[in-house]
Amino acid sequence: MSAADAEAYDTTGASLRFETPEGIDLVVRPAGPVARGLAFSIDESITWLGSAAVFAPLAFLGEAGVGVYLVIVFLTEWFYPVLFEVLRGGQTPGKSVMNLRVVNADATPIGWNASLLRNLLRVADLVPMFYLLGLASMCLTRRFQRLGDLAADTLVIHVADPAPARPVSEDAIDHAEALGAAPPPLPLSSEEQRALLGYAERQAGLSVERAIELSDVLAPLSGARGEAGRRALLRIANGVVGDG
Amino acid sequence: MKQRAFEERHAARWSAFSEQVAAIDALSGRRPLGDERDRLAGFPDAYRMICRDLAVAIERRYSPGLVDRLNRLALDGHRILYAHDTNLARRMRRFFARDFPRAVRRDWRAVAIASLLFYGVGGLIAALVASSPELVYSVMGAAELRAFEAMYDPSAEHIGSDRAAASDVQMFGYYIMNNIGIAFRAYAGGLLLGLGSALILVFNGLSLGALSAHVGHIGFEETFFSFVIGHGAFELTAIVLSGAAGLRLGGSIVAPGARTRLASLQHAAAESMSIVWGVFAMLVIAAVVEAFWSSKGSVPAEVKLGVGAGCWVLVFAYLLFAGRGDAETRT
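Taken in order, these protein sequences are the chains called B and H. Heads up: the first sequence begins at 1 in the numbering used here, then just goes up one per residue. Heads up: the second sequence begins at 1 in the numbering used here, then just goes up one per residue.
With the rest of the complex left out, here is chain H:
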């Protein structure tokens, strides 16, 4: 059959398909109703016919223009038919109830190493600074230390910030930008064979450990720990988890197992995204707590410590026990 005859025979169907594609795109993801449903019925069948036409056109060596046009129609159909589930509410519910805690338990080895790098190093430096106070200056400079001391002075009205009358919202914005940025970089650094993540974990562990010991020396421990403990459950855990996800990325390149390095990286990256989203959520919570609760000088320290301890228990219980016991359903 000559090309023109082929085109004439099928032209009506191709333009009808084009119109259906445009109509579906105009829906922007919402469900079609009534009339629209009728008009769009049979779209998958129409797409299969387009695929057949494309295959025929190529086989019969029709002109590149025709093949290109059919290819574009097929790409549109492919793009529409293989789009993802965008029901956000359902996905979020399933994520927090099940996917996130399971992902953390699945990667427990990476979490263990990350915890060691963070808390282990932190604990070590804390012990060292406790015995030799001057060691704190090898971790941070004198000016920075003064700024920190000013933040945790028990007589301050607003703890944890260096601006006396800083608005809570301002600090919230700062914590969001700063802490989540650190966590994302701790994750992305894993691509550099895990070294970026390890460095960020160690560095932050050093700061925290040195500071914890230092406040003991100057008697600020009540303010410091009551401030940190409230949001620490979310923030410190989140940093460790994002570092763990980064270590998993690096490990997948260094030790790909039975896959190629690229396939191993892609697999690890896809799986670790569950942790990244969870880290993001935890750090938003941490920022809220840190900005609007931890810094209040008016709340007694005992209350903060109690609530903070409760948060730690909550976080650990969530990560250890949530999402267990469901049947393994695939969706």
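This is chain B alone, in the form it adopts within the complex:
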């Protein structure tokens, strides 16, 4: 498998490929400042609410309670992200909500040293205020890394949403058996075949109008326009894939 082959699958250009010891390229998508900022806001809300909730009962215990509270504040400030990143697969609750994960730059899970390091150096990212230095760093590096990530050689990546965002109705799926297959009217290069297959796979996520809009582009290939053209294209795709 060559790098050029794998690169052909990277349609957004926002992916990172790295080679594993097994000799293949794995693809991850680094997360940008917006997603990370949202995850951070969620985490801040959680810690703020948690501290407030913990304070009231502790204040009851008088001065000893205040001491315990201060220790908790300390641990939350410096170790809340560390504990989640190391023990919960790189995901603080905020990152979990946003489907993000912290990993080492080679996609291995993050360890104690790297996690503490990137969170300690958050202090430098805050400079001069509101994470300006961190934001600048994220926008200027290729992999959206803030200063803490650069020093610890870590990334924050998008992880695939395990459940689909909206349930796809049975009607929306054109079953291969119903449509049947057809051979392509002229030989298609492998790139073209792949593009056609990609289109066929995305049917569930496209509105019918949009799907027809796209299939009309290939009207010369399918020999029809509108809904008939779309179905003809899907039949050709089925033929390529080996269905029907």
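A couple of the hints might just be wrong.
Here are the in silico distance ranges between beta carbons for each label pair [to be verified]:
| id | chain 1 | residue 1 | chain 2 | residue 2 | range |
| --- | --- | --- | --- | --- | --- |
| 1 | B | 59 | H | 28 | 34 to 40 Å |
| 2 | H | 306 | B | 132 | 48 to 54 Å |
| 3 | B | 59 | H | 34 | 37 to 43 Å |
| 4 | H | 94 | B | 207 | 39 to 45 Å |
No lab work stands behind these hints: they were computed from the structure. Even for Gly, the Cβ is constructed at its ideal location relative to N, Cα and C.
Got chain B sorted already, so can you dock chain H onto it with the hints?
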């Protein structure tokens, strides 16, 4: 081979692999036992087959959906197989016995500079304040000074805090939050070309030096030094060490040697984490000593001074001699 045929041929294996991944994740790091072990046997081989399938799928230009699915399976396998050793007890033992003191000795130049910035500046200002007492006001304001004097008044029952009946636990919490925060910032400040660390070291050295000389003027030296010496061995050393680690970070950016600046920073950061964890442990000890021992007015000053001096000897001996003589084993 057409894609559908390829999928049909290997579908069973892919879903079996998926199940193994889910089972391993469900273990959450503990060892598999009995049945589980049998079911998970052959996971590395299964992962290599997935990698092969992914490479084949890309080579044959199969659909992006299939490639994406195989990529995700491979990422899961990669994540599991290349996870780190999480046996905490073993790592902690090795850290304190060997890694931490060796790291301090390895970075002795940074430690020397940090000591100079802290103790050197502190000593200088102490000498100056000793000869001209009014100089103390250029280091701290009058109100702050009054508060400090109240803390070290020999007639106080609780020394070192400005609340007469403050609970020890409360002060413990305060010391944890305050001192470790300062140390972490002294380290992180090193990223700003070492200037942040240097500033924190100098600033704290100034305060300490000025105060030390000042208490001599008002006759509180017995209370002050007997209070400080107990936990000072841990706390002051820890501040110097965290500043040294920060200076190392800054130095790695300014003088990267044969590496690129980024690689140099990453290398220095990875190495300096040993010191950071050690600093954290030392400051917890310091907080315990400071909150539950140093502040007791009931313990005679001579005892505190003796124990404190002992701690200094202990810390220095530990940093100078621990972890020597072992064979260089790589793990």
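Tested hints:
| no. | hint | verdict |
| --- | --- | --- |
| 1 | 59/B x 28/H: 34 to 40 Å | holds, 35 Å |
| 2 | 306/H x 132/B: 48 to 54 Å | holds, 51 Å |
| 3 | 59/B x 34/H: 37 to 43 Å | violated, 49 Å |
| 4 | 94/H x 207/B: 39 to 45 Å | violated, 60 Å |
Checked against the numbered hints above, the structure breaks hints 3 and 4 and satisfies the rest.
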